[in-house]
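Enquirer: Below, each chain spelled out in residue letters.
Protein chains: 2
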Amino acid sequence: MADNTRERLLEAAFEQIYTHGYQGAALSEILRNAGVHKGSLYHFFAGKKELALAAVSWKLNDRFASRYRAIAQADGPFLSRLLAVLKDTSIRDFERGCPLANLVQEMSNLDNDFDAMLKGVYAEFKDAIAAILQRASEAGELPMQESKRLAVFVVAAVEGAILAAKAGGGEQDYLAVVEVLEGCLLGYGADINWA
Amino acid sequence: MADNTRERLLEAAFEQIYTHGYQGAALSEILRNAGVHKGSLYHFFAGKKELALAAVSWKLNDRFASRYRAIAQADGPFLSRLLAVLKDTSIRDFERGCPLANLVQEMSNLDNDFDAMLKGVYAEFKDAIAAILQRASEAGELPMQESKRLAVFVVAAVEGAILAAKAGGGEQDYLAVVEVLEGCLLGYGADINWA
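Chains as they are written, first to last, in this note's numbering: chain A, 460 to 654; chain B, 460 to 654.
Just chain A, with the same shape it has in the complex (with noise of 0.2 Å):
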């Protein structure tokens, strides 16, 4: 019941959080979306900070878990699988863009904590992306060395995608930089059918 409480408060705040930003975050809301009242958010966390903080660290990592450190942990193959993730728009709201990347250029330079604990999770990101890039090199799959160097250009790539498509260019952007990408990994270059 208790760890059921905390679950709810911390859903709840990377909700209002995402929508809003860390600053536009109203802790009312977060303790009424999640049915708590404010005496047992005390009872978790020391205030509002502390909640964020908790909550996007939690479910940024648990997001890159499933969708990402899993393709590594499994059986291959390994690179058509992080590409089908992501290619799959169904997981992506290009409406509020990267929660990760909103909260960095909103945060970064303003709190040392926040700026601490993105650092962390971007860290994640990473090593979760050259995990699989390894792990496809490894198997043939992927002509580059590397792959923490590579790993840094796909998850800059994927960013740049998510803002592309947020700053007007929809779906259609997304993708492109998505399939422009595939044909970099494979190492196409010139041959590749750019059209």
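Be aware that one or more of the hints could be misleading.
No copy labels: a pair is met if it fits in one copy or bridges any two.
In silico lysine-lysine, BS3-like type, Cα no more than 30 Å apart, as pairs [stated by the list, open to error]:
1) K507 - K518
2) K546 - K497
3) K578 - K546
4) K546 - K607
5) K546 - K507
None of these hints come from the bench; they were simulated from the model.
For chain A, the structure is supplied; the task is to place chain B on it using the hints.
Expert: Chain B only, in chain A's frame:
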């Protein structure tokens, strides 16, 4: 004199918004930094929002013109000039990140006027890059066709690279993304040295 006042307001507004976001920007600070009285502000703009919309579109379109439009309008080589601009970290501010991306994340789903202005600025960025890629392609510097589609990818990669830097990777991750992007553009594919 009047024009100079207007430009000081635009400059001060852009800087304040870049550092604090639109919602966190203080009009009193903008006026103080511009050395302008509140009455003069209303001679040029209806209020904070109109000033902000004008400042951001003016500053960013001016920046795209000098950084990117100038390349397509000059003699080649086009691609290496573009890559030189992208690799010049002295014109980047990785602590504050990209002013365009910051505002898209903050304002696009909160205000229709910001959304429309930001989509216009983002489209201008894509167009400026597409014009360079088009000329590079015509000059035989680029193996790929479809310069518009490729421009969507280049802009996404650059925006993602700036986010990667802000999210903990610093200049090193920014440059790693630009260098892998260079490999993709040149179509080296599997032959590129990714190390």
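Enquirer: Next step is simple, just say for each hint if it's right about the structure.
Expert: Each hint tested on the structure:
For the identical chains of this complex, K507 and K518 are intra-copy neighbours only, at 16 Å inside a copy versus 36 Å across copies, given an alpha-carbon limit of 30 Å. Taking CA atoms no more than 30 Å apart as the test, K546 paired with K497 passes in neither setting, with 41 Å inside one copy and 50 Å between copies. With identical chains, the CA atoms of K578 and K546 are at most 30 Å apart both within one copy (25 Å) and between copies (23 Å). Taking identical chains as interchangeable, the C-alpha atoms of K546 and K607 lie at most 30 Å apart whether they share a chain (22 Å) or sit on different chains (20 Å).
In this homomeric assembly, K546 and K507 never come within 30 Å of each other (Cα to Cα): the closest approach is 35 Å inside a single copy and 40 Å across copies.
Hint compliance for this structure: hints 2 and 5 are not met, and every other hint is.
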